[in-house]
Structure formats: C-alpha cells, structure tokens
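Q: So you can see what is in the structure, the chains are spelled out below.
Number of protein chains: 2
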Amino acid sequence: MMVVQYNGAHFFGWQKQNGKRTVQGELEQVFSKVTKQNCEVVGSGRTDRGVHAIGQVATVDIDSTIPLKNLKLAVNNMLSGDVLVKSMKVVSGDFNPRFAAKRKTYRYVVGTGKRDAFKDEFITYYTYKVDLEKMQNAAKLLVGRHNFKAFCSADTEVSDFVREIYSIDIKKVGQNIIFEITGNGFLYNMVRIIVGTLLQIDRIGEENIKLALENGDRALVGKTMPPNGLYLKKVEYK
Amino acid sequence: MMVVQYNGAHFFGWQKQNGKRTVQGELEQVFSKVTKQNCEVVGSGRTDRGVHAIGQVATVDIDSTIPLKNLKLAVNNMLSGDVLVKSMKVVSGDFNPRFAAKRKTYRYVVGTGKRDAFKDEFITYYTYKVDLEKMQNAAKLLVGRHNFKAFCSADTEVSDFVREIYSIDIKKVGQNIIFEITGNGFLYNMVRIIVGTLLQIDRIGEENIKLALENGDRALVGKTMPPNGLYLKKVEYK
Chain P
3 MMVVQYNGAH
13 FFGWQKQNGK
23 RTVQGELEQV
33 FSKVTKQNCE
43 VVGSGRTDRG
53 VHAIGQVATV
63 DIDSTIPLKN
73 LKLAVNNMLS
83 GDVLVKSMKV
93 VSGDFNPRFA
103 AKRKTYRYVV
113 GTGKRDAFKD
123 EFITYYTYKV
133 DLEKMQNAAK
143 LLVGRHNFKA
153 FCSADTEVSD
163 FVREIYSIDI
173 KKVGQNIIFE
183 ITGNGFLYNM
193 VRIIVGTLLQ
203 IDRIGEENIK
213 LALENGDRAL
223 VGKTMPPNGL
233 YLKKVEYK
Chain R
3 MMVVQYNGAH
13 FFGWQKQNGK
23 RTVQGELEQV
33 FSKVTKQNCE
43 VVGSGRTDRG
53 VHAIGQVATV
63 DIDSTIPLKN
73 LKLAVNNMLS
83 GDVLVKSMKV
93 VSGDFNPRFA
103 AKRKTYRYVV
113 GTGKRDAFKD
123 EFITYYTYKV
133 DLEKMQNAAK
143 LLVGRHNFKA
153 FCSADTEVSD
163 FVREIYSIDI
173 KKVGQNIIFE
183 ITGNGFLYNM
193 VRIIVGTLLQ
203 IDRIGEENIK
213 LALENGDRAL
223 VGKTMPPNGL
233 YLKKVEYK
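If you're matching them up, the sequences are chains P and R in order. The first sequence begins at 3 in the working numbering and counts up one residue at a time. The second sequence begins at 3 in the working numbering and counts up one residue at a time.
Honestly, I wouldn't trust all of these hints.
The list cannot tell twin chains apart, which means a pair is met if one copy fits it or any two copies do.
Lysine-lysine pairs mimicking DSSO-like chemistry, simulated, CA-CA at most 27 Å apart [unchecked claim]:
no.: 1; residue 1: K121; residue 2: K174
no.: 2; residue 1: K22; residue 2: K173
no.: 3; residue 1: K91; residue 2: K116
no.: 4; residue 1: K136; residue 2: K22
no.: 5; residue 1: K88; residue 2: K121
no.: 6; residue 1: K121; residue 2: K173
no.: 7; residue 1: K151; residue 2: K74
no.: 8; residue 1: K121; residue 2: K22
no.: 9; residue 1: K212; residue 2: K240
Just so you know, these hints were derived from the structure itself, not from any lab.
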C-alpha cells in the first residue's frame, strides 16, 4: 500500500487509458520496470483529469524481497517528478483500497487575489464577492447523511445517492479560500458542485439547498467548479 | 511595453516557432485578436524551454484607443492562465526592450528538502551536500566585468563573451537555496552554468573558477542546471 502525490494538471486522470498519460498507467509501468514483474496498481478511487492528489492511496501486488525503502527510492527515481510515492507499507493480500476506505477528505482551493501564472494549475480563481460566514452556515445543511443526487453530475452509473458528510471546513488563508470536505464517499463531481453551490450561496439561498437535498434537483444548486482547484487530500481506513 | 509572467514549463520557450506553443506566439495571437490588428511582440530576450519569467519585458506596437487598463483585462481574459500580463504602459515608438535593457536579474531555485510533485515545475532538486558560505565566497570571484566564455554553452552565435555581473545573492529560504544574479547581460545558459558551478564548489575549487575566467575553458566549471529552477525576474531600463 502506498500514498501517492500527483499534479493532476499533467495527467488524463487517474485511470489507465490507452495512449494517454495517466497516474495509474505511469505507476504500473514504473513498478513493472523496477520489479521486472507485471504490476497492477489499484487505487482508492479515480480522480478526473486535472484533479490533484496529496494523499491518494493505492496498492500493488508484487513478489519481491527488495526492502520497501529501496523500492520506494527506485520507483521515485524512475517516476517523473510530478507524481511521487510518499510512503509505502506492507498490507495483507486481501486489502482493497477502494472497498476498505472509510473516510475521504478533499480540499478545494479558490483564489480571490491577483491571478498568478505559477498557481494556475493549483488554484481556481473566483472574482465575485464571497461571504465566508454565509458559506459556513450553508455548509452545515450538507453535513450529515443525505441523498446527494442534486450534487452529482448526470453522467454517473451510480444508483444510490446517499452519502454521509462528516465535516465541511471553510477558511481564508491569505487570498485563498480553502474548503475541506470529509465524508464516507463522494459522488461524481460532488465536491466540485458543493463548492460551486457554496460560492453562489447569495444567489441560491439556503432554502434551495434544503429543497435539493429532498428532491434531488441538480438545477437548484450551483455549477461544477473546474478540476484545477481540487485535491484528494486523504483516504482513511479502519 | 508590458511586464509578462509565465510558467515556462508549459511552453517551448519564448520565441515563436511554427506549430509549437511559445510565449511570444501566444501573446501575438491574443493581441492580434483583441485589437483586430496584426501584432508583433518583441521581448527583452529569449527564454529557453522550461524557463519561467516573473518579469519578462516585451513591447507590442498597436494603433488603438482602448484604455490600457481595459486592454490588459481583455488580453488576460483571453490568455490561458499560465501566461499573464502583469502591467502595461505606453512607451515611445523607438523603444526596443532588448537593446535598451540595462540590467537583468535571474533567480534560480534549488530544493534541498523532500521532493514535492506540485513543485516539480518550479524547483530543481539537489540531493548532495551544499555549503552556503563557500558558495557565497566563490560567487564573489564572478562579480565584476569578466570574460564569461567558460560559463557559456558551446551552442552560441555570440563572439564577445565579456559581461558584467553586479551581484550574486545566495540565501536559504526554508528548504530552498535561492540564487539571484544581476548583470548587464547574460550569455547562453550562463546563469544555469554559474549555479551548477557554485553548487559543486567543493569539487571544482575557487582556483579553477579564477582559471576559467582567464582561459575560458568550459570543462573547468560545473554542469548546466536544468531549466525548471530558472526565472527571469526583472529587466531594468534607464
């Protein structure tokens, strides 16, 4: 099991695709080269094109006597610097990083200051007025166990839209607003829609959020924010 | 005249090239679209593929009554966020940003801490031991007016290798070592070779730097550092 950090702006997402640079694909290639085995890498879940990870969790099943420290060094030396294995440990063969995940935390970074060409991949700039306290109050409506169908892109194969959000923290750090959302699992684009809704709370209003949680109407809530502000921060297991 | 910031990792350098994404090419396209004129952008000098700019200076000759503030806004809205015009002012038609430049300052950022996938485009990591004081002392040998042939890539069309360096500042900020070099002009790869030489001062020794400044022997000094730690910070005019 390993914790993986990557700059999603350089990849066509996590999931392997023919002829495209993906995180899973690149990790499999490098592990296969280093161990001289055919390696399959399994992630805790996909991230979309442009979405970053601070702490994606993945497993790879290898038959090797290389000490983990050396394996990590060899893999990181062969990986290009925009994806890195931060830590590694041995887990039992039946551990599945997707099904065993208990909590996930996502971070979303919104820039309200001057645009910066060096931060373009890492921050979504937002030029409208935002009210931190209003957002924090509205966020409380989303915490708990709800049907989040209204906060899910239509483009999904899921049929059970019930998820539990444990916390939504919103704080201002310098000129950035940082959202951190922890839950037992997230629907397709759910974090990006929640952030888009909270940023526009003035226009949308708390009543529409309550209604959307009841009737699942996607049209009641905010737009999907772009991927470049989004980070999979942490995946927790029992 | 404008000050331009860009993430060089996303461009094939400053200079226009057919079919490749370059900073000059992209600025010309956007200015031409916004002003509906055929715009030529002239820079203070080229930067190579992967090299960033905090303060590149360039001019564009346009016949327009759009207020500068609005022009800047329109251009930045059309540019992708990894290149931005930071400021604009009107200069006389005979101002040439290349020939009029009096001083240039480059920054080079070397990382000595843990590698970070989000910093990979912006820092060159260096894993060997470095001695800040030894580097600062050796740097003094380079300050002043010298023949810098030894600190220039063979791949150059220049025949006059005399340049003046006004200052070399080296400081540690967190886990990074930041070099700032100001001079009246720089040869091809000169900053990258100076940084490579200073980092390896233990192996190279001050005597070889003195000798290289006398005999111009490239083999006496250090290797060319990669582009991703290099920033054109500032171009100064009279």
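Q: What label fits K88 with K121 when the C-alpha limit is 27 Å: within, between, both, or neither?
A: Answer is both; intra-copy 22 Å and inter-copy 14 Å each pass.
Q: Reference check for the pair K212 and K240, CA-CA at most 27 Å: within, between, both, or neither?
A: neither (32 Å within a copy, 62 Å between copies)
Q: When Cα atoms must be at most 27 Å apart, do K22 and K173 count as within-copy, between-copy, both, or neither?
A: neither (36 Å within a copy, 41 Å between copies)
Q: First find the shortest C-alpha distance between K91 and K116 inside one copy, then the shortest across copies, and answer within, between, both or neither for a cut-off of 27 Å.
A: Close across copies (19 Å), not inside one copy (41 Å); limit 27 Å.
Q: Could you place K136 and K22 in one of the four classes (within, between, both, neither) given a Cα distance threshold of 27 Å?
A: neither (42 Å within a copy, 46 Å between copies)
Q: Within a copy, between copies, both or neither: where do K121 and K173 come within 27 Å Cα-Cα?
A: Both: 19 Å inside a chain and 23 Å across chains, each within 27 Å.
Q: Is it within a copy, between copies, both, or neither that the alpha carbon of K121 lies no farther than 27 Å from that of K22?
A: Both ways: K121 and K22 sit 24 Å apart in one copy and 23 Å across, limit 27 Å.
Q: Could you place K121 and K174 in one of the four classes (within, between, both, neither) given a Cα distance threshold of 27 Å?
A: Cα proximity of K121 and K174: in one copy and across copies (17 Å, 22 Å).
Q: At most 27 Å between alpha carbons: which applies to K151 and K74, within, between, both or neither?
A: neither (40 Å within a copy, 42 Å between copies)
Consistency note: the structure conflicts with the earlier hints numbered 2, 4, 7 and 9.
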